[in-house]
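Student: Read off the chains here:
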Amino acid sequence: AQSVTQPDIHITVSEGASLELRCNYSYGATPYLFWYVQSPGQGLQLLLKYFSGDTLVQGIKGFEAEFKRSQSSFNLRKPSVHWSDAAEYFCAVGRNTPLVFGKGTRLSVIA
Amino acid sequence: GAVVSQHPSWVICKSGTSVKIECRSLDFQATTMFWYRQFPKKSLMLMATSNEGSKATYEQGVEKDKFLINHASLTLSTLTVTSAHPEDSSFYICSAKTSGVYNEQFFGPGTRLTVL
Chain A
1 AQSVTQPDIH ITVSEGASLE LRCNYSYGAT PYLFWYVQSP GQGLQLLLKY FSGDTLVQGI
61 KGFEAEFKRS QSSFNLRKPS VHWSDAAEYF CAVGRNTPLV FGKGTRLSVI A
Chain B
112 GAVVSQHPSW VICKSGTSVK IECRSLDFQA TTMFWYRQFP KKSLMLMATS NEGSKATYEQ
172 GVEKDKFLIN HASLTLSTLT VTSAHPEDSS FYICSAKTSG VYNEQFFGPG TRLTVL
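Chains as they are written, first to last, in the working numbering: chain A, 1 to 111; chain B, 112 to 227.
Extracted from the complex, chain B is given alone in its bound form:
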């Protein structure tokens, strides 16, 4: 149990276009989902926290107008990279958390974004 999927697993796009990444909890309801960005050989950087039905909370330095997050249901959150540029190329990972007592997050397999 506790499986999180991401789609697509990798995407290549042209500069200036927008890309949507989906994060789904397959067998549980996720009241909270997180979006992370990981640069090569680096740790995970938390971008934002999204709670179902409410606006996402962005970390300092993350442009909310560039990285649009929607958490429309208890099993789906989406991250849209708007007007992508080469510097947005990265590995994006989502995680999902249940409403249980313990703060256990389940991670998706990640999405590799390359902007040409």
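Just chain A, same shape as in the assembly:
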């Protein structure tokens, strides 16, 4: 069965510090992987996606993610976090089926 695990429920980082949000997946075939961000009371915004090719993908707002097949991971990174990055982040997997979402990681940013 398809599943996504985001091990960290809540992460707090200082503004300007680097960030890594973890995502592990279970999928029977080569997955399509996504990272979404959600601000309170808002819908989901796509940060980046991986379909095939280069395993390091660049997204919006300075985010990047690396697909590691051997580790079944698709971790999200940002070198320098801004206060406006505080939000909920969801990793998702899916190919020809509805997306399966992780439970999300809430990011707090402190001064």
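All clues stand as given, with none of them false.
Okay, derived cross-link-like pairs now, BS3-like style, lysine-lysine, Cα gap no bigger than 25 Å in a straight line:
#, chain 1, residue 1, chain 2, residue 2
1, A, Lys103, A, Lys61
2, B, Lys177, B, Lys152
3, A, Lys103, A, Lys49
4, B, Lys152, A, Lys103
5, B, Lys153, A, Lys103
6, B, Lys131, B, Lys166
7, B, Lys153, A, Lys61
8, B, Lys125, B, Lys177
9, B, Lys131, B, Lys153
10, B, Lys152, A, Lys61
11, A, Lys49, A, Lys68
12, B, Lys177, B, Lys153
13, A, Lys61, A, Lys49
14, B, Lys175, B, Lys125
15, A, Lys49, B, Lys152
16, B, Lys131, B, Lys175
17, A, Lys49, B, Lys153
18, B, Lys153, B, Lys175
Source of the hints: derived by calculation from the structure; they are not laboratory data.
Knowing the structure of chain A, use the given hints to seat chain B on it.
Tutor: Then chain B, alone, in the frame of chain A:
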């Protein structure tokens, strides 16, 4: 491009009434639309998948008679919460998918439903 809208963005209704939520793909044709429900501080739970012109496919545990889904055109899907009760209060999000090769979904901004 690839914008999905939802209307209304929030709605308050009395218990026992029905509420309709619209999901529109504004600049593309969506062969498939999805409806999700999100409880506070929780992830998205897929409720149903709707394909244009056919009946929706509901996930296990979702009452199809309570959550009526209609996908009458390639740009519009509606979710009607019938005889709403306070436990139906939630954040409902739709997404739309094109018929392209890649399974990329575009999400609407969500509808906050509060049932009194």
